[in-house]
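Engineer: Generate the whole structure from the sequences, applying the supplied hints.
Below, each chain spelled out in residue letters.
2 protein chains.
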Amino acid sequence: MSKYWSQIVRELEPYVPGEQPKNQHFIKLNTNENPYPPSPRVIAAIKAATDSSLRRYPDPNCDDLKHSIAKYHDLDHDQVFVGNGSDEVLALAFISFFKQQEPILFPDITYSFYIVYCRFFEIACERIPLTGDFDISLSDYERPNGGIIFANPNAPTGKLLTLDEIEALLKQNRDSVVIVDEAYIDFGGESAVALIGDFPNLLVIHTLSKSRSLAGLRVGAAMGPVELIDGLERAKNSFNSYPLDRLALVGAVEALRDSEYFRSTCKKVIQTREWTAAELTKLSFEMVPSTANFIFVKHPRIPAETLFSQLREQNILVRYFDKPRINEFLRVTIGTDEDMQTFVQALSRMVN
Amino acid sequence: MSKYWSQIVRELEPYVPGEQPKNQHFIKLNTNENPYPPSPRVIAAIKAATDSSLRRYPDPNCDDLKHSIAKYHDLDHDQVFVGNGSDEVLALAFISFFKQQEPILFPDITYSFYIVYCRFFEIACERIPLTGDFDISLSDYERPNGGIIFANPNAPTGKLLTLDEIEALLKQNRDSVVIVDEAYIDFGGESAVALIGDFPNLLVIHTLSKSRSLAGLRVGAAMGPVELIDGLERAKNSFNSYPLDRLALVGAVEALRDSEYFRSTCKKVIQTREWTAAELTKLSFEMVPSTANFIFVKHPRIPAETLFSQLREQNILVRYFDKPRINEFLRVTIGTDEDMQTFVQALSRMVN
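Chains A and B supply the protein sequences, listed in that same order. Anchor point for the first sequence: position 220 equals 220 in our numbering, and the numbering is continuous, going up by one each time. Anchor point for the second sequence: position 141 equals 141 in our numbering, and the numbering is continuous, going up by one each time.
Treat the hints with care, as some may be off.
Identical chains blur together in the list; that is why a pair holds if it fits in one copy or across any two.
What the hints assert, rightly or not - With a Cα cut of at most 30 Å, we get these calculated DSBU-like pairs of lysine-lysine:
| hint | residue 1 | residue 2 |
| --- | --- | --- |
| 1 | K22 | K3 |
| 2 | K268 | K71 |
| 3 | K268 | K47 |
| 4 | K99 | K3 |
| 5 | K282 | K171 |
| 6 | K268 | K22 |
| 7 | K282 | K22 |
| 8 | K71 | K47 |
| 9 | K323 | K22 |
| 10 | K3 | K71 |
| 11 | K47 | K282 |
| 12 | K47 | K22 |
| 13 | K171 | K267 |
| 14 | K22 | K298 |
| 15 | K71 | K22 |
| 16 | K298 | K267 |
| 17 | K268 | K171 |
Honestly, the hints are just simulated from the structure, not real lab data. Quantities reported herein were computed from a predicted structural model and do not represent experimental measurements.
Structural biologist: Here's what the structure looks like:
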């Protein structure tokens, strides 16, 4: 604590990202990274762009990337906003739309950055408990609010809401912005981007960190009606005019173009997830049905924290959250087939 | 305007960056980019790092880069903060230290993003007029304040305060944070980093966009006492955990290492600046003595706006600010010798 800090900074409780170990001998199943590398076309495009042009500022409007995203989702260019990872996009969305009289609503168990943004921007919030089965009960959101946000599929549970459920919520909630954070949507869910034309208050957030294998490049996007995108642009140009560097822009554009590679790696992750889930069921693990690139599992007998530590000793990193309601679970990112075989074997020794 | 926008976003007046034309036939003297490419070692390091590791998140703490910057400036690692360009670093510094009861102080003519941050974070400010000669009169800052910020050398004037002057200010002003924004310091000024050990309230901001030829990579830094750096880390981890991507981190580290290249390109820019200033003096231009990589010039007869338009017609871009007190001036980035010869020849035809 310093006497020079503003009151806001004194009261922050910053987000704590998953461990990024410096040495490479871990099987890293703790931060939901994709086990497959980015498309070879992405690597080639970045290398080709690594030249003297780095002395120049990037395009502050990121037009090429917006066009690529718009084309992929069949949207207009001005329905797309991009930022330095979906975390920055979310932060700007919070100040642009959620700083209102009424509190915003989000699940008690969800991406833990949401509450951090609320403190940072002094936004009131109410956390709505998930059901005992970790379901988002949308009728609980039918109350006055300054905005609604949820991750779909949710994190760290992996549970999905259907498009019909989201549409029903939007029909009930027309006076505040609804943000659907689809970081994991490509691993089995249906995107709410399809609803953008019908609702002036819907914003959908994507990231290239998971399904596009580009966590290291920091690219996120928001898609929604032009008026909401305009609001985000105003906020962005009051914070940082050039959030995406030249190489991130080039790499992201190429990642969007290589749909074939993208689909094949997503398919592999889904297959490995289903195999892993089946194997863990054989070992008596209980789990939430996942449509993400991770699974959320507990063992009926051995505490999650114990398993977490024992796995770490065997150089396998998973994520354990020491928080009410979820401290019996491990969140396990889906790795390669080989990673998951090693993981299942390790667990097998621990529980038998 | 949208009914979904927060009040803050309605009232913003976003920053407007200099034009970044899509086609390449301009001599681009409008955004203070370095005319020389980044060090070849930077290019090589980035290419070498462009591989499958992009699927993984970058180091959220940016330790390697902090070590490199600390080493260059003879600081400790924990006296350095890094961000997505100095614009992001400045934004986080504003919320961390400047959101106070008293208004912050900065010059009426300076980097135009400062007032934008104040609106974004709802920070009260007073703009202190420069003298008629565009000097910062430091005695004007001896009043209760929530913080003080100035660019040194100042923008868009290029005028420098000496280290003695800054030290005198710091001795007078111990209860609020003083930020010295040294984006252009490497082109002839003396850095206030030397004073960090003596003042617990001094923060110095640097960027790799100008003197390190890396505007396209988006890397900025703050240097100061550990307590101030801690405050910035808290804010950063409440906004975006991974603001620097893997390639930016690698490139920035290598740029810091190649001091020889850095010194030689800075020297060339300074030489070209002095040549250009001498030539423009021959053409009767008046100018502010510059220690930056740009000059701020006016012609006694021909309006700056006219010169700006005529230069643009000849594919030479410079910066014109249509604002009180400075609308008689052009801000001209120092390019290569060849760029500046073309520029001087073009002006010569216009004024003769």
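Engineer: Enumerate the violated hints, using their earlier numbering and listing them in ascending order.
Structural biologist: 1, 5, 7, 11, 13, 17
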